[in-house]
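Engineer: Chain by chain, the residues:
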Amino acid sequence: MLNKLLIGISLVLIAVSIAFDVNYFNYSTPIAHSQNSDITLSDFRGLKKIGQNLDGGNEFAFIETEIKKIKTNSGYTVKALFHPSRSYVYKTNIIGGDKLLKHEVYHFHITEYIARKLRKELTEHKKDNIDIDNLLKEFKALENQMQMEYDEETYHSYYVGKQLSWQKKIDSLLYTLNEYK
Amino acid sequence: MAENKKYLQGFLVLGLLTFSLCKIMEIFTGANLFIKLIAIGIIFSISIHYWLLQLKRNISYNFYLKTILATIALHIVLNYSYNYFILLSDKYFNYTALTIQLILSIVPASMMYTLYLPFKKHINNRHAK
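Top to bottom, those sequences are chains A and B. My numbering numbers the first residue of the first sequence as 1 and each following residue consecutively. My numbering numbers the first residue of the second sequence as 1 and each following residue consecutively.
Just to be clear, a hint being listed does not mean it is correct.
From chain A, some residues computed to sit far from chain B (all C-beta separations above 10 Å) [claimed, not checked]:
| # | residue |
| --- | --- |
| 1 | Gly-75 |
| 2 | Thr-92 |
| 3 | Asp-128 |
| 4 | Leu-142 |
| 5 | Thr-154 |
| 6 | Lys-169 |
| 7 | Ser-172 |
A short list of chain A residues far from chain B (calculated; beta carbon distances all over 12 Å) [to be verified]:
| # | residue |
| --- | --- |
| 8 | Ile-94 |
| 9 | Val-105 |
| 10 | Lys-117 |
| 11 | Thr-123 |
| 12 | Phe-139 |
| 13 | Asn-144 |
| 14 | Gln-145 |
| 15 | Met-146 |
| 16 | Tyr-158 |
| 17 | Glu-179 |
Covered, in the sense of this in silico footprint (three residues per stretch, anywhere, with C-beta under 8 Å from a C-beta of chain A), are these stretches of chain B [what the hints assert, rightly or not]:
| # | segment |
| --- | --- |
| 18 | 11-20 |
| 19 | 23-29 |
| 20 | 76-90 |
Worth flagging that the hints you see were computed from the coordinates, not collected in a lab. Since we're looking at a predicted model, the values are computed, not measured. We treat Cβ as the ideally placed atom computed from N, Cα and C, and that holds for glycine.
Starting from the given sequences, assemble the full structure and let the hints guide the process.
Structural biologist: Printed below as a string of structure tokens:
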């Protein structure tokens, strides 16, 4: 009886914690980068962990993106995805929310840039026997580093000048790999 | 043999409870790995202490150390499975969301029924009289 009670309590607690990682109460399937222009702040459906803050402040947003490998008939391809139920914004109708949204969407553009780089690598080495998992790991590390640099240099969109120069940089990087869309 | 099975069961159940408590703690405090490991050790040692007192077994220092190490190992396994589940979740959450909505609609209905039961009994009793 005690065992059953403890297992029950644990499962309830785990179910509660999962909701803070993926908000399944307000779930939406991942959005591909090709639909990035449709993203609005109301797509940020995730929950914030209660103790989480940004340098002591509670007014912030975060975006969860992913590079996902997908098996096809001719091998593998990769996709950049945005996870609405894992991304969070403190309020959806913010005055000047465009600035915040732009900053977050550019995180997604960085993910797409790295996905395109990976697609290029896969196309160029199509006939070679390459380890896709290792390659994915390597590119994900690269993406993490770039995302961190972006946040550090723009201070989460606070430095407008830096934000604009990063936007230009990311746009041109994406343009250079346009054929790997 | 039976006692060993009971002990193993207890260990797994308490391990699961410790893991879920840690996850909840993470939500409330954003605790880092080091604090989490210490907390797991403390929560689990206390739990296993009471568990073993119930089983009337002696608890040695060595035993404590082993249980704490085993808990950390169990925690790593559970954490890995949890993260793996979150990674795969998009395959399942569409169905999960539907199921939850269904459950949420069933709960108030069953609560209403439970509330209605004493009245039903009362009415039946009145008719019996």
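Engineer: Compare the structure with each hint and give your call.
Structural biologist: Now the hints, each set against the structure:
1. Gly-75: Holds: least Cβ distance 22 Å, greater than 10 Å.
2. Thr-92: holds (20 Å)
3. Asp-128: The claim stands: Asp-128/A keeps its Cβ more than 10 Å from every Cβ of chain B (closest is about 27 Å).
4. Leu-142: holds (19 Å)
5. Thr-154: holds (23 Å)
6. Lys-169: holds (30 Å)
7. Ser-172: holds (32 Å)
8. Ile-94: holds (23 Å)
9. Val-105: The claim stands: Val-105/A keeps its Cβ more than 12 Å from every Cβ of chain B (closest is about 20 Å).
10. Lys-117: holds (22 Å)
11. Thr-123: Non-interface label on Thr-123/A holds, nearest chain B Cβ at 26 Å vs cutoff 12 Å.
12. Phe-139: Consistent with the label, Phe-139/A stays out of reach of chain B, its closest Cβ about 17 Å off (over 12 Å).
13. Asn-144: holds (16 Å)
14. Gln-145: Gln-145/A clear of chain B: closest Cβ-Cβ about 21 Å, beyond 12 Å.
15. Met-146: holds (21 Å)
16. Tyr-158: It holds; Tyr-158/A is separated from chain B by about 22 Å at its closest Cβ, greater than 12 Å.
17. Glu-179: holds (28 Å)
18. 11-20: Satisfied; 6 residues make the cut.
19. 23-29: holds (count 6)
20. 76-90: Satisfied; 5 residues make the cut.
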